[in-house]
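**Student:** Residues per chain, in single letters:
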Amino acid sequence: MKPMLATKTRNHEEESISSMRPIRTRLAITVASFGAVLAATLLLAPVVGSTHVSIRGAFDRTIPFADNLDAQIFFIARLPRVVAAALVGGSLAAAGVVFQALLRNPLASPDTLGVSSGAALGAMAAITFHLDVPLLGLPAVPLSSVIGSLGALGVVYALATARRRGLSTTVLLLAGVTMTAFLTALILFTQYLADFADTFRTVRWLMGTLDVGGYAPIVAVLPMLVVALGLFASLPRALDLISFGEQAAASRGVNVVRAERMALVSASLATGAAVAIGGPIGFIGIIVPHLVRLLVGSDHRLVLPASILFGAAFLIACDVVARTVFAPLEVPVGVITALIGGPFFLWLLVRSSR
Amino acid sequence: MPAAVAFLAVAISRPGSAAPPQRIVSIIPAVTEMIFAMGEGARVAGVSSFDAFPPEVSRLPRVGALLDPDVERMLSLKPDLVVLYATQSELKQRLDRASIPYYSYEHRALADITSTVRAVGARIGSPGRAEQLAAGIERAIAAVRTSVAQRPRPRTLLVFEREGSSLRNIYATGGYGFLHDMVEAACGDDVFSDIKRQSVQATTELILSRRPDVIVELRYGDNVKVADIPREMQAWNALASIPAVKNHRVHVLVGDEYVVPGPRVADAIKRLANAIHPEAR
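Protein sequence lines correspond, in order, to chains F and X.
Straight run, no breaks: the first sequence in our numbering ends on number 354.
Straight run, no breaks: the second sequence in our numbering ends on number 1281.
Keep in mind the hints are simulated off the structure, nothing from the lab.
All figures in this text were calculated on a predicted structure; none of them were measured in a lab.
C-beta: ideal position from N, C-alpha, C; glycine also.
Check the hints yourself; a few may be wrong.
[Said to hold, decoys possible] Derived coverage of chain F by chain X (criterion: at least 3 residues anywhere in the stretch with Cβ under 8 Å from a Cβ of chain X; other residues may be distant):
(1) 46 to 59
(2) 67 to 80
(3) 201 to 208
(4) 214 to 227
(5) 258 to 271
[Stated by the list, open to error] Mimicking DMTMM-like on lysine to aspartate or glutamate, the simulated pairs with C-alpha atoms at most 20 Å apart in a straight line are:
(6) Lys1246(X) to Glu246(F)
(7) Lys1078(X) to Glu1106(X)
(8) Lys1246(X) to Asp1194(X)
(9) Lys1246(X) to Asp240(F)
(10) Lys1225(X) to Asp1213(X)
(11) Lys1092(X) to Glu1056(X)
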């Protein structure tokens, strides 16, 4: 539970050197290089898969779409998957950045704060109790997933701010751990109530999958993602100041409480939307922000966009592994990210406790 | 002398003794159905939380199921035979300690259904009725096979699990197990014959690339809402290049008999054959 002091002092030195370049130039370079990585994965991922697809055939306009197998595999099976992976990866990574800055703790993430579990419980309840009715034009599963993530974070936030203004980092993280355990129990109880077929479905759902089978699940959460991204765009300066301490931020004219609430709501929206698309895919919010900080330093004006781009590329790559390594069968993508993320998280623990 | 009589009495009631069981607790719905179909339902004292057929089981006490067997409740029913699943080793140990005999069951291939009927019949002391039942099932399956044997074998995808109105989390039968055998018996060519597993998680890419001529989707359990099925089936229309979708050969079969490998299997295969070969009806 130690704050990111080590990283910060080192990055300070880096910043004093690199800040000779204006921030706009550095932002342009960062976005261009991470954007190039994302563009490369976006182009390569749809070409790779368990079956052979002729790309020329897929774009052959002379064959009607309904008769064109290559086009159907490319546009219905693969492209939505890649897009889903990009959105989920980007959202979870951004949520990770925001939580870490806000709590001044390198181990904060949608997973450790109970936000992912809240989202998972919401979505699972919708599946188990067959809430197929759309509300306000949004399908039930993503909506209850967002409600779950906001609810979980609301409880954690209320606990941490109960006694005084401002957030207590330790309380917030401990509350998150407790919430995760509590919500996991509720998830298990929901499963217990479900009939056999539903139990099977929810177990599989909890492993995380990006085979969305079309664009509808993506379109359904797009409004939430747009709102979350809009809020993210307004955050970096406040996050930079808050990550040095709330009082320091307040003394520089940041409305700390308001900024914190905006940050929490946007990160919860992003997490809820991501979980609604792909299930609780773990560790993205931990791995990506840390790798990005190693590369670009700690300025949130750079870290946030870079994490979104890199998170998207990272999950696309994990999904390519998931669907090709045992083809034609596939490994749940959550298993792949956990296999990479688990050891990474432990390494981070050891490193930050030094 | 009284001591000897007592010893004899103990010896007779010991597990594995020849006396046919009179209080059977079955937590395997397929075996429950078999016992009732043999006409021995009166001897069933308790069933699993998933048993739904025949209707008589609704009056019987429930003792949990595969994942949550309620041992206490089971013991309170004083069973002299418990039918359980082969992997329930903890339950087996506890029954051993209570000296209650059990019959260990396992889902396998189609042919194992009738061999299970015969084995259960022998175990409960009704070999004659079991033979009659098993032979009847085998004759009925053979009749279905003959009725469609001359037909072309369309490439068939048998789906037993899918998420609501989407194409997500689709599970289909692989090249092994009674569902696969049912497809073959109904003269369908299982598209996943080469994947030697009981179930395959079928991604949209995998389904598109296998090009099934017929898709049959099974619906079962307590939560089937028949009115919602037509709407939910529209999800398949997204995969328009699949012959089954193009030629309107996507069917839904509703009922537990498709997933319970019991005495109703011949009937299930007949209706599956009707779905795969509507022209043969």
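**Student:** Sort out which numbered hints this structure fails and list those numbers smallest first.
**Tutor:** As far as the earlier hints go, 5, 6, 7, 8, 9, 10, 11 are violated by this structure, in ascending order.
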